[in-house]
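**Q** Protein sequence lines, in the order shown, are assigned to chains X and A.
Going left to right, the first sequence walks through residues 1465 to 1650 as our numbering numbers them.
Going left to right, the second sequence walks through residues 36 to 167 as our numbering numbers them.
Rather than coming from a laboratory, the hints here were simulated on the basis of the structure.
Small disclaimer: the values here were computed from a predicted structure and weren't measured.
A couple of the hints might just be wrong.
[Unchecked claim] Straight-line C-alpha distance at most 25 Å; calculated SDA-like pairs for lysine to any residue:
(1) A:Lys134 - X:Lys1557
(2) A:Lys124 - X:Arg1554
(3) A:Lys124 - X:Gly1529
(4) X:Lys1523 - A:Asp38
(5) X:Lys1523 - A:Arg146
(6) A:Lys73 - X:Arg1534
(7) A:Lys124 - X:Asn1616
(8) A:Lys73 - X:Asp1563
(9) X:Lys1508 - A:Phe39
(10) A:Lys164 - X:Glu1625
(11) X:Lys1595 - A:Lys134
(12) X:Lys1557 - A:His151
(13) A:Lys164 - X:Pro1562
(14) A:Lys164 - X:Lys1595
(15) X:Lys1523 - A:Asp145
(16) A:Lys134 - X:Arg1534
[Stated by the list, open to error] Computed list of chain X residues with no C-beta within reach of chain A, every gap over 12 Å:
(17) Leu1589
(18) Lys1607
(19) Glu1645
Every residue, glycine too, gets a C-beta built ideally from N, C-alpha and C.
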Amino acid sequence: MGDNAFRDEEIIRSILREGMSHKYSILYKKYYQRVLDKCYTMVKNKEKARELAQEIFAKAFEMLGTFQGRSSFSSWLYSITYNHCIDYLRIQKKISYPDWDRDNVLPDIFEPVEEDFSETDYDMLMKILDKIHPEEKALLLMKYQDGISIHNISTALRISESAAKMRLKRAKARVLYLYREMKPEG
Amino acid sequence: MKDFLRHITTGSLNEIPESVLDAFKNEFPEAINTEWYKAADGFEAVFHDEGIEKIAIFGDQGTILILEENLSVDSIPLAIADLVRDMGKIMNYIRVNNKGVVTFELILRDRNWHRHLLEVSPEGVVLNKRRL
């Protein structure tokens, strides 16, 4: 854990032990934009993303006593972020993952090679991620963008660790398939 | 961004004992997309086989200890389908073979949108249940 994480933990300790709740604003200012960006990536609506980000910081404050420092504060906060966004999408969109997965069977599963993504840019990756189910997108972002552990991913998405590993596997196969479908002819 | 993508194409562990690799190839000759991880009691392979995701845990000598298969919700045995019919919607269904003992891991969503993890025997007996 780096110095940055230690500073976050000091702030949390002073909030919890000394009742200095005003110090939460330091964490809010530091992480608000990143939380907002993640919310927008998940819900694709700026107003709703702002609303969710506010709710997430309120929820995280209420849950601060459960933060045990096993992971960094940022990983903990981002887990809450994805959990909150996925809960919102599960209820609003009413598209359950098993139904979506049944309707979007992978036509083919490839053995990946590193060169596969040599021509990919940010926009193309976002297009690919927008084509997959939000739960698969959240899994990929949590694991490979934010480095959140499988245990914490499974807790955030309320699935078992085995289910998280298997869905992550399927998500990776789907991204690879879509990339090959969408990449420009070379 | 390239790092994000590179992770999608690469596994995380390269040094797997020959005995484990041989056992894996022998047991799952058609496996693709295999990623290896160190498990508490051996080595864990996460892979695709026959179009589905599987997790196999091998002991250091190449003995397969646990095999988990991510099965279609439609393929659930009748005894288990009957058991959970009024409990909620099945969100995930995994067959677990732990040293020859078969159980099923189900994730259910109840009518209040709460999720539950159930371990069920092939005869439809709930062995463990907890809210997720």
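**Q** Against this structure, judge whether each hint is valid.
**A** Tested hints:
About 41 Å separates the Cα atoms of Lys134 (chain A) and Lys1557 (chain X), which puts this hinted pair outside 25 Å; it is violated. At most 25 Å may separate the alpha-carbon atoms for a hinted pair to count; Lys124 (chain A) and Arg1554 (chain X) meet this at roughly 13 Å. Only pairs whose Cα atoms come within 25 Å are accepted, and Lys124 (chain A) paired with Gly1529 (chain X) is rejected, the gap being roughly 33 Å. Among the hinted pairs, Lys1523 (chain X) with Asp38 (chain A) is inconsistent with the structure: their alpha-carbon atoms are about 31 Å apart, more than 25 Å.
Distance hint between Lys1523 (chain X) and Arg146 (chain A) is fulfilled; the C-alpha atoms sit about 24 Å from each other, no more than 25 Å. Between Lys73 (chain A) and Arg1534 (chain X) the alpha-carbon distance is near 20 Å, which keeps this suggested pair within the 25 Å criterion. A hinted pair counts as satisfied when its Cα atoms are at most 25 Å apart, and Lys124 (chain A) with Asn1616 (chain X) qualifies at roughly 24 Å. This hinted pair does not check out: Lys73 (chain A) and Asp1563 (chain X) have alpha carbons roughly 33 Å apart, beyond 25 Å.
For the suggested pair Lys1508 (chain X) and Phe39 (chain A), the alpha carbons sit about 21 Å apart, so the restraint of at most 25 Å is met. Pair hint Lys164 (chain A) plus Glu1625 (chain X) holds up; C-alpha atoms about 15 Å apart against a cutoff of 25 Å. Taking the CA atoms of Lys1595 (chain X) and Lys134 (chain A), the gap is near 39 Å; set against the 25 Å cutoff, the hint is violated. The straight-line distance between the Cα atoms of Lys1557 (chain X) and His151 (chain A) is roughly 21 Å, inside the 25 Å bound, and the hint therefore holds.
A distance of roughly 21 Å separates the Cα atoms of Lys164 (chain A) and Pro1562 (chain X); the hinted pair therefore holds under the 25 Å criterion. With a C-alpha separation of about 34 Å, the suggested pairing of Lys164 (chain A) with Lys1595 (chain X) is violated against the 25 Å cut-off. Note on Lys1523 (chain X) and Asp145 (chain A): the hinted pairing holds, with a Cα-Cα distance of about 23 Å set against a maximum of 25 Å. Pair hint Lys134 (chain A) plus Arg1534 (chain X) does not hold up; C-alpha atoms about 32 Å apart against a cutoff of 25 Å.
Its closest Cβ contact with chain A, about 6 Å, brings Leu1589 (chain X) to no more than 12 Å, contrary to its assignment away from the interface. A beta-carbon of chain A is positioned within 12 Å of the beta-carbon of Lys1607 (chain X); the least distance is around 8 Å. No Cβ of chain A approaches the Cβ of Glu1645 (chain X) within 12 Å, the least distance being about 15 Å, so the stated non-interface status holds.
Violated hints for the displayed structure, listed by number in ascending order: 1, 3, 4, 8, 11, 14, 16, 17 and 18.
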